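Those sequence lines, one after another, are chains A and B. In terms of the numbering used here, the first sequence has 121 at position 121, counting the first letter as 1, and numbering is strictly consecutive. In terms of the numbering used here, the second sequence has 228 at position 228, counting the first letter as 1, and numbering is strictly consecutive.
Bear in mind the hints are in silico, worked out from the structure with no lab data behind them. Here the structure is a predicted model, which means the values were calculated and not measured. It cannot be assumed that every hint is accurate.
Stated by the list, open to error - Heads up, incomplete: computed chain A residues facing chain B, CB under 7 Å, no partners named:
id: 1; residue: 3
id: 2; residue: 11
id: 3; residue: 18
id: 4; residue: 26
id: 5; residue: 102
id: 6; residue: 103
id: 7; residue: 106
id: 8; residue: 108
id: 9; residue: 143
id: 10; residue: 147
All residues carry an ideal CB built from backbone N, CA and C; glycine is no exception.
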Amino acid sequence: MWQRFAPALPANPWSWIAVWRRNFLVWRKVALASILGNLAEPMSSLFGLGFGLGMIIGGVEGTSYISFLAAGMVATSAMVSATFETIYAAYARMQTNCTWEAVLCTPLTLGDIVLGEVAWAASKALLAGTAITIVAVALGYAEWSSIPYALPAIALTGVTFASLAMVVSALAPSHDYFIFYQSLILTPMMYLSGTIFPMSQLPGSFQRIAALLPLTHSVDLIRPAMLGRPVDSVGLHVGALCIYAAFPFLVSAVLLRQRLMR
Amino acid sequence: MSTAAVDLFQVSKFYDDRVVVDALSFTVSPGECFGLLGPNGAGKSTLARLILGVASPDAGKICVLGEPVPARARLARRGIGVVPQFDNLDLQLTVRENLLVFGRYFAMSAAEVKAVTPSLLEFARLENKADARVSELSGGMRRRLTLARALINDPQLLVLDEPTTGLDPHGRHLIWERLRSLLARGKTILLTTHFMEEAERLCDRLCVLEHGRKIAEGQPHALIEQQIGCQVIEIYGGNPHELLPLVRPQVQRAEVSGETLFCYVTDPEQVRLRLADRTDLRFLQRPPNLEDVFLRLTGREIKD
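For reference, chain B alone in the conformation it holds in the complex (with noise of 0.2 Å):
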C-alpha cells in the first residue's frame, strides 16, 4: 500500500489508436499541490478521470489514497473532493439545496450537511446566496459553489480540473486565494490547468504534458531555472524570422512563436540596443516563466 495520496505508474490510455496518456508515472504527496500543466488535448481531463476511477487505464497501475483505481475506486472516492472543468450544479436547486443533494450522495445525513452548510458556505463568500437558485448565480460564484460542493464530504484529495477556466481576473484570484487556504489546512491538491501563471502560483510541484507524455516534471522556479535561467524579452510588431538573424549574436536562445520573437538572454540592453533604430518594434521583458520553459520544451506555446 502506498503512502502517496495519488501514484499513477506507466499509466497508458488510448481512445481507438489514438493515444491520450502514455506510460505516465507521477506521485503526488500527501499535502502537496501538484499540477498537471499543459495545452487542451495534453490528456490532463483524461487523467483526471483516470484518478477518479471513471474511466480505465489500458495499461499501467493507479492507486488513489491507498486504494487500487480502479478496482476499488468508490473507495477512494469517498476522500475525494472533485471540480469538473465544466459546472455540473443543479440549476433549478438552491445553493443550500445543491450542498443537501451532494451530501446525501456520500451518506451524509440531513443534519450533518445542515451542521457543515454555514462553514461551507461562508468559505466560498456565499454566506449572503444560501436561498438563491443556482440560475441565478454568476460565473464566480458557480465555481465557488463547485469547490465548496466538493469540500462538502472532507475530502482528504481535491481533484480540480481546469478549476478558474472562464473566470475573470477577480474571480481567478478569489479562487487561487481560497485554495491557498486549503492547501494551508493540509489538504492535498491534483490540478490540471493550462495557465502558467496559476501552476505557477500555486503548486509545489508539477508535470509537464505534451500529447499525454511527461515532458518535464519539478518545481516551478527549479524548473524555469534549469530549462531558461535568464532574462527574456519578446519582440513583436516585426517579421520575427528577419529579426532573429539580426540578434542571434546577442542572444543565448531565441524561438519564433507566431509574430513574437522570443530572446532568452543575460543582458537585454544589448539586443534593445541592437534594435534600436527599428522604431516600429515593441519590446517586453520580464522574468522567465512556465510560459518559456513549455515553449522551450515543445517549440510553440501554450496559449491555445
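Just chain A, same shape as in the assembly (with noise of 0.2 Å):
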C-alpha cells in the first residue's frame, strides 16, 4: 500500500524547489505585464467599490468601508491568483505542455511536482496580496505594522487554495470544467466569507455555513492585522486552514497518481 502511493508523495523535504525554480525563471520573463494584470481586478473593485460604496455606506464594523473591503480584497486576490495559477497555468503544463512528464523521468516524484506547484502559486498569491496591502497602506487603509501580521496569512489562503484547486485540476477532463469551480464555488464563497459585506448581514444558517469556508479564515485572520486589532481565535483559523491545505493535497497527490502514472 505504501509502495503504490510513495510516488505521489515528495521524496524529500527539498526536491520541490527545482520545480518552483522553473516556474520562477519562465516569470520572471513576464513579470511585469502578469503583475499589473493580476493587480488590476482587484484595485478596480478596491477603488470602485471602495469609494462608490464607501459614499453610501459610510462605516462598517467601526472603520471606513475603503479599509473594511481592503482586508477582503486581499484575501480575494491571493485566493485567485494561487486558483487560476493551479486550474490554469499547472494544468496546462501537466496536460498540454508535458513538462511535468518531463520531470517525472528524472528522480523527482509526482509528489515533488505536486508541492512545487502548490508552493509556486502561494508565492504569486503572496505577490498579489502583498502588493494590494501596501497599496492600501500607503494610502491609509490599513497599518504600517500590519504586514509581517498578514504576510503569513497571506501565503496560508496561497497554499490552501491551491491545493483546493489541484484537486480541480486532477479530476477535470479539460480546462472547459473550471468555470464550474469559479462559478459555483470561488463566486459564491466570496460573497459569504464577509471580504465585501460583513457576515453578519448574511441569515443565520448561511452564517454557519460562513464559518466552515476556508476564505472566511483568512479574512478573519487578515482583517484585524491589516485594521491594527487584536486577532481572535488565532489557533483556530491557522489550524482550519492547514487543515484545508493538507487534505487537498493528499488527496490530489493521490488523484494525478491515477490520472498520470497508469
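The two chains are supplied separately, each in an independent frame; assemble them into the complex guided by the hints.
So, in C-alpha cells, the structure goes:
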C-alpha cells in the first residue's frame, strides 16, 4: 500500500524547489505584465466599490468601508491568484505542454511536482496579496505595522487555495470544466466569507455555512491584522486553513497518481 | 542484484481489460543498443514507462540499473536519460535555460550545469543557439536538444522512445550518428522504434513486438538470415492475388501486403522472366530486411 502511493508523495523536503525555480524562471520573463494583469482587477474593485459604495455606506465595523474592503480584496486576490495559477497554468504544464511528463523521467516524484506547483501558486498569491496590502497601507487604509502579520496569513491562504485547486485540476477532463469551480464555488464563497460586506448581514443558516469556509478563516486573520486590531482565535483559523491545505494536497496527489502514472 | 542494465521478467500490463504488455521478458546488457520494434500500439511506449517506473506492472519483475522498479525507480532514474516520443522542452526558455532547469531536477548546482553545458551544446550541434528560445528552433534542433538534455546527468542508460519520428532524413541521420557516438562512449541504449532502418542500423539486438507479446528476439542480421535467408523481389502495379499463382512455382515463399506482392526467392531472375510480358508491373529487387521479418512473423507490414 505504501509503495503504491510513495510516488505521489514528495521524496524529500527540498526536491520540490527545482519545480518552483523552473516556474519562477519562466515567470521572470513576463513578470511586469503578470503583476499588472493580476493587480488590475482587485485594485479596480477596491477603488470602485470602496469609493462608490463607501460614500453610501459610510462606516462598517468601526472603520471606513474602503478599509474594511481592502482586507477582503487582499484575501480574495490571494485566493484567485493561487487558484488561477493552478487550474490554468499548472494544468497546462500537466496536460498540454507535458512539462510534468518530462519531470517524471527525473529523480523527482509526482509528489515533488505537486508540492512545487502548490508552493509556486502560493508565491504568486503572496505577491498579489502583498501588493494590495502595500497600496492599502500607502493610502492610509491599513496600518504599516500590519504587514508582518498579514503576510503569513496571505501565504497560508495561497497554499490552501492552491491545494484545493489542485484537486480540481486532477479531476478536470479539460480546462472547460474550470468555469464551474469558479462560478459555483469561488464566487459564492467570496460573497459568503465577509470580504465585501460583514458576515453578520447574512441569514443565520448562511452564517453557519460561511463559518466553515476557508476564505472566512483567511479574512478573519487578515482583516484584524490590517486594521491593527487583535486577532481572535488565531489557532482556530490557522488550524482550519492548514487542514484545508493538507487534506486536498494528499487527495490531489493520489488522484494525479491515478491519472498520470497508470 | 542483476548486472544487466535492464531486466524484465514475465512483465504484464493491462489497461482496463486490454492487455498492453503480455508476459514479456528480456535483458539489456550494459553497453549494448537494444531495440523494441513494433507498430504503433504494440506496447513500446508503455514498456518505456514501465522501465522508468512512471507506470507499474500488473505482473512480473523489472530491474533497472540494479534497482527494483517501480519500488526504487527514483534511484534508478538518477542514472537514466530519457528522450520521449514527443518533445516536452520548455518553449519559453532558451536552450541554455532548458539545460539548467533539467540539471536542477537531478540536484545539480548552477555551476555544475554550466560546466557541462558547452560539451552538451557541441554534442547537439547547437553551439550557436545557446541563447535562442526553444520556440525558435527547428524540429531537428529540438530533438537534438532533447537528446542533450537527456545527457545532463551523464546517464549510464538512455531510454529513447521513437527518437527520430517526425524528422526529415537529414535530421534522422544526424541523430543516428549522435547515438552511435554515445554507444562508442559505452552508454547503454534502449530504443523503441517502428523504423526498420533505424533498428537495423543501430541495434545490437532487438525484440520484435506485436500486441505486447515478443514474437522474435535476436541480432538484426541473424533474425533476417533465420527468418528470410534469400533475396526479395517486390512487385507492384497489378492485382497481387492474381499474380501470386503465376509466380508460385518460382518462389520459396510469397506474402501479399496491400497492393504489393513480396516474393522470397533464391533466383529473382526467374520471377522476372515469368512476368516478362507484363509491362504494367514494376519490380524492386533488394536484400531482405527487418520489414520482411515482421511481415513473415505477423503476415502484415509494420508501416502505420
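Practice problem: Please write out, lowest number first, the hints stated earlier that are contradicted by the structure. | Solution: The structure conflicts with hints 9 and 10, although it agrees with all the remaining ones.
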